[in-house]
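> Residue numbers (the numbering used here), protein chains in the order written: chain A, 1 to 431; chain B, 1001 to 1168.
Hints are computed from structural coordinates only; laboratory data are not their basis. There may be inaccurate statements among the hints.
[Said to hold, decoys possible] Below, a list of computed lysine to any residue pairs in the SDA-like style, where the Cα atoms sit at most 25 Å apart:
id, chain 1, residue 1, chain 2, residue 2
1, A, K63, B, R1161
2, A, K81, B, D1029
3, B, K1009, A, G191
4, A, K84, B, K1023
5, A, K87, B, K1009
6, A, K81, B, Q1030
[Claimed, not checked] Which stretches of chain B does chain A cover? Using the computed rule of at least three CB atoms under 8 Å from a CB of chain A, they are:
id, segment
7, 1018-1027
8, 1057-1064
9, 1083-1095
10, 1146-1158
11, 1161-1167
Glycine included, C-beta positions come from ideal geometry on N, C-alpha and C.
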Amino acid sequence: MPPMGMTLTEKILARHVGLDRVVPNQIVDAKVDLVLANELSAAVAIAVMRGIKGATRVFDPNKIALVEDHFVPAKDPQSAKLAKLMKDFAKEQGIVHFFDVGRGGIEHVVLPEAGLVAPGELIVGGDSHTCTYGALGAFATGMGSTDIAAAFVLGEVWLRVPPTIKLVYDGQLGDMVYAKDLMLATVGRLGIDGATYCALEFHGSTVDALSITGRTTMANMAIEAGAKNGIFHADAKAIAYVTERTDRPFIVERADEDANYQRVIAIDVSALEPQIACPHTPDNVHPVSEVTNDVLELDQVFIGSCTNGYIEDLRVVARILDGKQIARSLRVIVNPGSQQVWMQAADEGILKTLAAAGCAVNTPGCGACFGGHMGTLGDGERCLSTTNRNYVGRMGSPKAEVYLASPATCAASALTGRITDPRAVELAGAV
Amino acid sequence: MKLRGHAHKFGKNVDTDVIIPGKYCNIVDQAELGKHALEGIDPEYTTRMKPGDIIVADRNFGCGSSREVAPIAIKGSGTSAVIAKSFARIFYRNALNIGLPIFESDEAVDRIDAGDEIEVEAASGTIRNVTKGETYAAAQFPPFMQSLVDAGGLVPYVERRLAERAKT
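Pulled out of the complex, with its shape left as it was, chain B reads as follows (with noise of 0.2 Å):
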């Protein structure tokens, strides 16, 4: 899967409460919620950014509370990935069990402009920046943690566990 779009940078420490603020945390659907993305940071993001463009930030992007409607608003509005040099540890399980790509990379963060073209090859982390012609490589994931991205998620790793389950 590649994810390409233009950069939109923000920096260290986006909490959850400005992702998605707790006023609108009793909303449940996706594309509703992906209107108020990064509202309480950057109310025009939503309205300023192109369906594929992508987030880069600092360090521990989207500490703070444990709602999953944070990375849920960022998927719904259209944003198609996450560059930043950290997330804060419930942010980064959620991100990856509701399917947002995210990627940790220090030089990516350094080197990358606000409005560069970016391209991210998503299964290796390969991360092209287009505009100025450079790669950056995203670390890793640990191997359990890419067997839930390849997978899909958490929950067909949940349906797997109930099968074995239902066999024995």
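This is chain A alone, in the form it adopts within the complex (with noise of 0.2 Å):
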């Protein structure tokens, strides 16, 4: 009987390694076509480098992406510090994708906006939501910053070769139900340890249709399910994407048609509604239907992150807010997701729709969401957000609740002050 075809993590590894087969739990060597690092990962990672004996320059100064994001702008001396320090390993080493505060914003939104990603390429990070990257066909994996001290100066890292679960969607998501409804529900439906060291590929009419932020919001909540990567196959539309952005060659991969799947998960999305992951894992999703009542009282909402900081989700609040005004009970915070998206979304006067309606628009960073800064919540406070993880003490006090929805569903609570349904909402302008 002849070996059984390859996945397409399986494919882009094996060219990476240089073998024609790899097969779940082999372990390889692969080159790196992109090491990513912010502030945080990067401050490790430099002293780790600096006690590596016979290391002294990174492998390639073109295939390394340092982005301050975390804790900038700097939210206080030592983490000026931290960013400093990243900025001058970047000229010290002749880094060429160095981005600074106002020139970049949140790294997995900035990189493929840079033309940084192509599909068939292997990315590391030091940064977990790394797999954001596999929207666009990449096999993209985050890593601590020991790992991207080595790969700094290799350009190799070793990897254990994943096994697949193919999960394929079919049916057209309903009015307000988004890529983020659908990335909850995936999440809820394989638990928080459910994909752990396994590759996620996504498949099917319902993803196909969406568009690659809709794929970006998906691959980017893979870690989420504890997995090593999510990936898509590179259509015409992530072609088109790419090609706009660079014009480095690149291969595109696809599974074999008798790949070896650890697992094929079908979800017939027709019936979906907006999802909620409520507190405190991101596997505790539940419809929205269900969460809705009168006692969530909410203080903050919050609109933003690797996962929904894109021009596509602003414009979606931007059409529920529009002439109205958000619930005098609480805040929201707007953080576009990068310099690009903040520049896009002044354009388009969603900035002004949105600052009107009385939220705060923040420069681009990842602050918020883990807890660093802009945006902190206190003791017994409750957030619904757009971010990745809800954790306890993520976004703040660990007294505190966070809720995980799309920017649809955060959008229409705004209005109200809890968790509503964005079905419930009349538009502006609307019949």
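Put the complex together from the two separate chains, hints included.
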């Protein structure tokens, strides 16, 4: 019997290892196309690199991206020190893709925008949401700083080839139901360790119809099920997105028809409601109709992050808030994902619409999402957020509660001050 | 290497946000990080524990972010090892890379009670419950990962690879 075919992830890994074939659980040394770090993961990685005997230069200053995004604009002198450490390292090593405040934004929003991600590429990053780039058909996974230091100097990483779980989505998404709802439902179904060590391969007519942003939201949250990576096949839409941003050649891989999947899960989305992940794990997911009630008063709504900080997300929010006022009982913080998103939102009048509705619009960054700064929750506060995690203390106080939802659900809830089904909102100008 | 201390028990899905809350992620000093280990889930942990003590947790320990300061904080607190039913992927790599001893054993987690005195023989993964007079076996690391552990983490491995390249 001939050997079985390979999944999309196996195909990409095999090419980067220089083998015809790899199999799940095989340990390989793979060449990387790009290594990413932010000022927090870089600070530790740089210190580790300084301690590696024989390591003075990075393997290729064109294949490293450094993005200032977690505690910037610097929250305090210690944060400023880390930001400067990375900036100085970039200068010392001649790193081409260094993004300072005002020229970048959130790393996972910035890299695809800057044409640094292409189908078939292998990317590792010192941030768990590096898996985001699977939206464009790349193998991308998050690692800690020591692994990143090793990748900085070797241009290679050791990997255990993950078994692949195939997710097949069919049916048309209902009104006000988005990729975020699809992915929350998926994480709810798999559980937060349901895909540990595995690759998630997304298929089906529903995801074929999604925009690149929608696919980005889904790939971003693969880690929330414990997965090593989440990946889509690059179709014409993905290839167009990439070729508009880079002329670097790339190879579009496809899973074989007879690929070996650990599991195949079919998901019919036609009856899917907007979804909410309740405290305190991202797999504690319920349809909005089960969560909506008058008791859950919100103190904060947050819109942004590498999950939902894209222009499409802000358009949805602006459409719902247009000409209205947010409830007086809460604050709404909006964080466009990148400088480009911010400028596009300004051009389209979105920033003004949001500000006029009572939202505070911040500069791009990760701060609020991980409890760093610029939107930290206090004891007893409750937040509905478009971000990806709601663990105890994730956005600040361990005595705060975080609920996760789509931008539409967050916008609808901002109007009422409590968790609200976006399908119940009357839009300005609607008949 | 023998690791010895009393057990502190935790449930499943102890995530990196509770191991070292985001607000401390701009700290790089191991001892300073150690003062805040597990603060998000058990603010008294670092005052209650004694050097050498061992964390015993259910499945999926270390899920969430890739912050390497999570295992560094645990190491910095003086905790000598973590025994869990399973570990999240990135935490597992990070722990091996920085030399925080970790062991997977369902039996040990089910049998060990908080306060039990535990001794672990790191090389063999043998876990001895001194209080109860029982012995449990931890899962073996795959050979490649065992070789990283034996070498003392990822850095010596990288140095060897660089030296090999310099020769060719």
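> Now, for every hint given, state plainly whether the structure supports it.
Verification of the hints:
| no. | hint | result |
| --- | --- | --- |
| 1 | K63/A with R1161/B | 20 Å, holds |
| 2 | K81/A with D1029/B | 13 Å, holds |
| 3 | K1009/B with G191/A | 22 Å, holds |
| 4 | K84/A with K1023/B | 19 Å, holds |
| 5 | K87/A with K1009/B | 42 Å, violated |
| 6 | K81/A with Q1030/B | 17 Å, holds |
| 7 | 1018-1027 | holds (count 7) |
| 8 | 1057-1064 | holds (count 4) |
| 9 | 1083-1095 | holds (count 6) |
| 10 | 1146-1158 | holds (count 5) |
| 11 | 1161-1167 | holds (count 4) |
Taken one by one, the earlier hints fail for this structure only at number 5.
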